[in-house]
Each structure stands twice: as structure tokens, then as C-alpha cells.
Amino acid sequence: MKFLCVDCDRQMAFEERQLPGDGTLAATFKCPTCGRTVAMLTNPMETQLVSSLGVEIGGRTVPAQPLETVRKMVATGREDAFDEGGEPRGHAAEPNGSLSWSPEAQERLARVPNFVRGMVKRIYADYAKERGIAQITPAVMDTARAELGLEGM
Amino acid sequence: MPPIRTYHDLTDADRSGLSEQIGAQRKRVAERLAKVGRVIAVMSGKGGVGKSYVTAHLARALARSGRATGVLDADLNGPTIPRLLGIDHSPLPTSPNGIEPAKGADGVKCISMAMLLDDGAPLAFKGPSAESFVWRGAMEASALRELLGDVAWGSLDTLLLDLPPGMQRYVELCDILGAPPAVLTVTIPTAESGDAVRRAMRAAVERGSRLLGIVENMVGEQFPGTAGDDLAREFAVPVLARIPWHPTPDTWDGLGGRV
Numbered sequence: 004m005k006f007l008c009v010d011c012d013r014q015m016a017f018e019e020r021q022l023p024g025d026g027t028l029a030a031t032f033k034c035p036t037c038g039r040t041v042a043m044l045t046n047p048m049e050t051q052l053v054s055s056l057g058v059e060i061g062g063r064t065v066p067a068q069p070l071e072t073v074r075k076m077v078a079t080g081r082e083d084a085f086d087e088g089g090e091p092r093g094h095a096a097e098p099n100g101s102l103s104w105s106p107e108a109q110e111r112l113a114r115v116p117n118f119v120r121g122m123v124k125r126i127y128a129d130y131a132k133e134r135g136i137a138q139i140t141p142a143v144m145d146t147a148r149a150e151l152g153l154e155g156m
Numbered sequence: 000m001p002p003i004r005t006y007h008d009l010t011d012a013d014r015s016g017l018s019e020q021i022g023a024q025r026k027r028v029a030e031r032l033a034k035v036g037r038v039i040a041v042m043s044g045k046g047g048v049g050k051s052y053v054t055a056h057l058a059r060a061l062a063r064s065g066r067a068t069g070v071l072d073a074d075l076n077g078p079t080i081p082r083l084l085g086i087d088h089s090p091l092p093t094s095p096n097g098i099e100p101a102k103g104a105d106g107v108k109c110i111s112m113a114m115l116l117d118d119g120a121p122l123a124f125k126g127p128s129a130e131s132f133v134w135r136g137a138m139e140a141s142a143l144r145e146l147l148g149d150v151a152w153g154s155l156d157t158l159l160l161d162l163p164p165g166m167q168r169y170v171e172l173c174d175i176l177g178a179p180p181a182v183l184t185v186t187i188p189t190a191e192s193g194d195a196v197r198r199a200m201r202a203a204v205e206r207g208s209r210l211l212g213i214v215e216n217m218v219g220e221q222f223p224g225t226a227g228d229d230l231a232r233e234f235a236v237p238v239l240a241r242i243p244w245h246p247t248p249d250t251w252d253g254l255g256g257r258v
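Chains as they are written, first to last, in the working numbering: chain A, 4 to 156; chain B, 0 to 258.
Bound conformation, chain B alone (with noise of 0.2 Å):
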């Protein structure tokens, strides 16, 4: 038998056109975010350090210095934003045109799984639950890719995005977009968070990200360490806020004034 052509060789056109959906699919994103000035992604790389309280509390600082600012709760399966933005569970209005995002305090847009689910339940997807890690990651993809292209943002100055622990959330976002988006990072004062944090910075990095600085939370007697300055120094950033246990709205107000 002669050698047979490869895939890359049948170049014929094909009913089906999954590239062709597939650049649909990413071309409805960049639509949707062309109205967005900058989307900032939130991280840290490591659980528990506040990611979310300090998502929350950063676009109500945007939000209240009058820049029109969004919130994407890209933690699908911890969910935490709308409860931090004081948002109830209103059913989202919803058109051809897109799902209407929440409005939380200081008039932050928002969506979130925690609105789509039920109270206390899982993120649970229908189908085969044999081999379901095949194709879970796969879905959470398309969801955060819907999160991103089938919200009516409308015209926003930042979009932050609440990423969960670990890198995955973070290259599918660079996937969907297209380019890596900006990175804000978050991290305690213990050399543990720092050993975790760096490496998220370091894949940021790498993938193209620019690094916006990095916020140190929970600083105070409990948590000593230097993993804010060390990783500043290590990667040429700013501190740009040290968050104590008991922030002001000036605490805030001084980090959105940064960002």
C-alpha cells in the first residue's frame, strides 16, 4: 500500500467546519470584549489568599473612582463573588443578544456560576460520568468562554477576572482570548505563598502576560513573611498595596488608584 496523505494534506472543504466554529466561537469573544479597555486577570496560584475578597473589593474601588468596571467569577466551582458584592440570586435578563450581567455594589457588573446554580449544589454537568476527567475540562472551558462572550458587558474601562487556584483557568483564558491578558497577583506574606505564587507568575510570564504588580494580603502578625517584596524584587513589579486584616475603603481606594 502506497503511503497515505495525512490529515494536513486533505485540505478539501469540510461540511462540518469545526475550525470555522471554533474561529466563530473566539471572533463572538473578541466582539463582545471590544467595548472593554483592559481585562486584568486576578491570580495567585495558591488557594486562600484572598483572590476574590480583594477581586471584589478592587472593582468597587474602580467602580466608585467612576470608572465602569466588570467582574467574570472565573472560579466555576467555588463561586464567591456575587455574596462579596452583596448580589442577590435575581434572575439575569436575557435577550438573543446576550444574558445581562448583575449588578452589585458600586453599580459592578457581574456574573458568576453561583447565579446559574442551585443553592449549594455543585458544578454538575449531564453525560457519561465514566472517564468524565476527558472531557470536564473541556466544558469548563466553554463555559468561562460563554462567561466571557454571551455577557452583555457593555462599554467597561477594566474587566477583572477572579481566577481560581492554579494555572488551568489562566491558559484557558489565554486560549479564548487570544492574548495573554493582563496579571494582577495576590499573595500572603509566607514563603509557602510565595513558593506558589512564583511559580503562576513565572507560566504568566512565559505566556506573555504583563505583570501588573502584586497586592500582599493578610498582612499583619499572623502571617510573617516577605513574599510581597521578594516576588516584587524577583520580577521587577510593584507592591502595589499590602491589604491588612482590617481594610478601609481607603485601603481600597489606594489599590484602585494603582491599578
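If we strip away everything but chain A, and leave its shape as in the complex, we get (with noise of 0.2 Å):
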């Protein structure tokens, strides 16, 4: 999907991603030229079938996860499928790591169905890590969660 600036004749550049939480989508495009701006707004089934394709519009921002598609978006998944204490030592996820977790931060972590929840974690541990964050709390989670687009985690 692209977008054309008809007066000008641009191709209009991807702007911004946004997640309401309601299952659509909103991105933003604007011609370099004349600085117009439009939004494409997606219902949740056009939402749905992009997820599918386990694509983001406006590109990546974290790193593919192993069975990422599969951990996020299956509902019927058993909470002892995964087991999480194959990461190496020293990564960020890890609890004797830098990093820690604040007691509000691990209960909120807590509440994610354990299906999905080894790779939030570690999502979440890397987001700080990059921007040497030495305590994830609530507050960073509301914000990697914001930044990275992290609906449905």
C-alpha cells in the first residue's frame, strides 16, 4: 500500500503508527513536497490480516521473536508451553542481570498469561537495556509499550 500527493505527484512517506487499543490502526503519511498529511485508518478485520502476515506497517521496532505470531495471537495456548530459563546468563532478562524489576512492575508482568509472557519480558528487558535503564517499572512499561507499538502484549 502507498500513498500518492496528487497535486504534487510524491510518493507520500510513512510518518507516524498508531494503536488505539481497539483493534484498529492509524498511520500517517505526508508528502515531502507540500507537507500534506493524511491518516489511513484500518478496521480491526484490515488490522487483523496485516498481524497475520506478521508484518508492521511503519517497520519493525523490536526484533523478531521466536513464535511471535503464534505467542501473540493465539488464545487458546497452554500456560506451560514455554519454558523460559533457556536464556543465556547475562541477558537482560535475566533477574541476577543490571536490570531490575520493581516490585509494581513484576506484578503487572505477572498478570501477562504466561503464553506470551517470556518474550514481553525480554522485549520489555531489551527496550531498557538500549536506553540504559537500570529499573523497568510501570512507567517505562507504559512507554515501551506506547513506543514500540506492543498491542496485544
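Keep in mind that the hints are not guaranteed to be accurate.
As the list claims (entries may be wrong) - Straight-line alpha carbon distances no greater than 30 Å define the calculated DSS-like cross-link-like pairs of lysine-lysine that follow: (1) A:K5 with B:K102; (2) A:K132 with B:K26; (3) B:K26 with B:K102; (4) B:K26 with B:K125; (5) B:K34 with B:K125; (6) B:K26 with A:K5; (7) A:K5 with A:K33.
Quick caveat, the hints were computed from the structure, so don't treat them as lab data.
In this text, all values refer to a predicted model and were calculated from it rather than measured experimentally.
From these two lone chains plus the hints, build me the complex, please.
Quick look at the structure:
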């Protein structure tokens, strides 16, 4: 899908993606010549179709995780399907590393279904590590969620 | 208004990079399978002919002969391979490198949706239920891609893919792999089975798959017919095995030696 500014005959450039949380998606595109901005709004079914392909409009915000689509999208996954203990020592998600989780953040993480929890934990930890954040708090999780577009996580 | 340029006329770099994302997915699969000697799709186009049963026992026979073997249960909605390989539901070790496959009878590595779903639960996806037919196929194809590319198969001589009835999963597989896999066909002796399997084999030939041969399953008085021989003659491929109702390990070892 591409957008053309008809007046300028220029391909519009992707600007921003927003996931309001109701299953829809908004993406804005801007004409490099005249600056006009348009928003593409997709309904839940269209948004789901994009998610089904395992791609993200606006580009990937986090590296692909193992079984990412399955873990994000399967509704009937078993709680004990994965053993996250296989993470190498020293990985950012390791509790004994330099990164810590506040009790509130741990509580919030515990509410994430186990089927997807390990993957979510790793994404938040990598986010914090890349930004030099020493402790993950609910505020950090909120910021990461908004910046990375972690809808459904 | 002058004619508007077409999609293909617009070639500016796209920050979404959707084609690059798709390319990265395929590269991930290719890299994962680089250490797999051969990928064989076990298919029939007909339900109830014993594809999974044949796949599991063929895998065990290959493993017993010293060949590192894995099975990907591509029947996402009716997975049965773990039970056939005696695999329980122990959690699968996970790391950023991928998901470790389970190990079943005779050391066969295996991944199956049965290991990931609640006991007895159907494969259901989050998302809008209205018009789910539009996206469900794409979701299942993505799941198949991830089972291929995100499982740490390691070095394998053979990876068997147990396909569900019908042709959809085979077509998805060709797209994901970027090349058609070799195909092993399973039929029962009846003419009805032969009719369905013929269509599947024809589709596989048209896609460019190499037909390895036919396994005729459930051979005995219960299912009279000559579907195996008929299909073998028509497609110029061998009948690799005729599996009786009560096969012995020798039956499977014989098949393993011919695949």
C-alpha cells in the first residue's frame, strides 16, 4: 500500500503509526513536497490481516521473537507451553543481571498470560537495556508499550 | 485529471519496508533449514488415510537407521504427531535463538501445535470474529512459517512435514520455502482415495515438487482396490511400501530404507 500526493505527484512518506487499542490502526503519511498529511485508518479486520502476515506497518519496532505471531495471536495457548529458563546468563531479561524490575512491574508482568510472558519480558528488558534504564517500572512499561506499539502484549 | 501513476511507478524507499520484512521472514526460514539435508512433505489430499501414522513411523525408522530426523506437524488444527511419537507436554525450552523441539520415540525431534495448545482446545486466534475467514488462512501460514523458522532444529538429515488433508498447506509451504518440497504420497487402496490423491499429486507436479513415491496404507480385505499401483503407473513413481493393518517394525524399516 502506498500513498500518492496527487497535486505534487509525489509518493507520500510514512510518518507515524498509532494503535488505539480497539483493534484498529492509524498510520499517517506526509507529502515530502507540500507537507500535506493524510491518515490511513484500518478497521479491526484489516488490522488483523496485516498482523496475520507477521509484518508491521511503519517497520519493525523490536527484533522478531521466536514464534512471535503464534504467541501473540493464539487465544488457546497452554500456560506451561514454554520454559523460559533457556535464556543465556547475562541476558537483559535475566533477574540476576544489571537490570531490575520494581515490585509493581513484576506484579504487572505476572498478569500477562504465561504463553506470551517470556517474550514480553525479553522485549521490555531489551528496551530498557538499549536506553540505559536500570529498573523497569510500570511507567517504563507504559512508555515502551507506546513507543514500540506492543498492542496485545 | 492526468492519469495517476500506478503502484509500481512509486519506487521511493518505504519506511514500512513490508517487502523487506517478508524477505527477512523467508531468510530466517532458509537459514534455519540450511542444516537440514532434505525436507519431505507427506501428503495425500485425502483425509483419514493415515498420513500422520505413516509420518511418525517413517520418522522413527529413519532415526533407527542412524539418520537425524525431525517431524513438523503441519496439521495445525488436528495435530496428532506428539501422541504417535510418545511425546508428553513438557514445556519447550526457549531462548532468543529459538524454541527447542521435543524429542520423541527413537530420538525423533518434533514440533506440533498440540504442544502449544490447551488440552482439547481448538486452535483459536485473537482478533475480530467477523469475517475471520479473510485473515485466518494468513495467520495459519504465519504459524507454519514460524514452526519452520523459529524452531532450533539443528542438523537434520531429514525433516518430515505432516500435512493435513487438502492442498492449502502444501501451497503455503511452497511459498514459505521458496521452492517446492519433495513429496511422499499416502493413499489407501480404494478408488475413491485414488481420485483425491491423484488431484494432490497433480498439483504437486504442477508446482514442481519431486514425487518420491507412494505409500499404500491399510492394505487388506477391508479396503479393496489398486489405487497405489494405479497412481504409481500414472505418475511413473514407485510404490515404496504397502502397509498392512498390523505392520511390524520391519515394515517401517523397509520403508525407511527406500525413502
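Hints, one by one, checked against the model:
1. At roughly 46 Å between alpha-carbon atoms, K5 (chain A) and K102 (chain B) are farther apart than 30 Å, so this suggested pair is violated.
2. Of the supplied pair hints, the one linking K132 (chain A) and K26 (chain B) holds, its CA atoms being roughly 27 Å apart against a limit of 30 Å.
3. Restraint check for K26 (chain B) and K102 (chain B): the C-alpha separation of about 26 Å stays at or below 30 Å, so the hint holds.
4. Taking the CA atoms of K26 (chain B) and K125 (chain B), the gap is about 27 Å. The hint holds against a cut of 30 Å.
5. Distance hint between K34 (chain B) and K125 (chain B) is unfulfilled; the C-alpha atoms sit about 34 Å from each other, more than 30 Å.
6. For a cut-off of 30 Å, the pair hint linking K26 (chain B) to K5 (chain A) stands: about 25 Å separates their Cα positions.
7. Of the supplied pair hints, the one linking K5 (chain A) and K33 (chain A) holds, its CA atoms being roughly 11 Å apart against a limit of 30 Å.
Hint check: violations occur at hints 1, 5; the rest are consistent with the structure.
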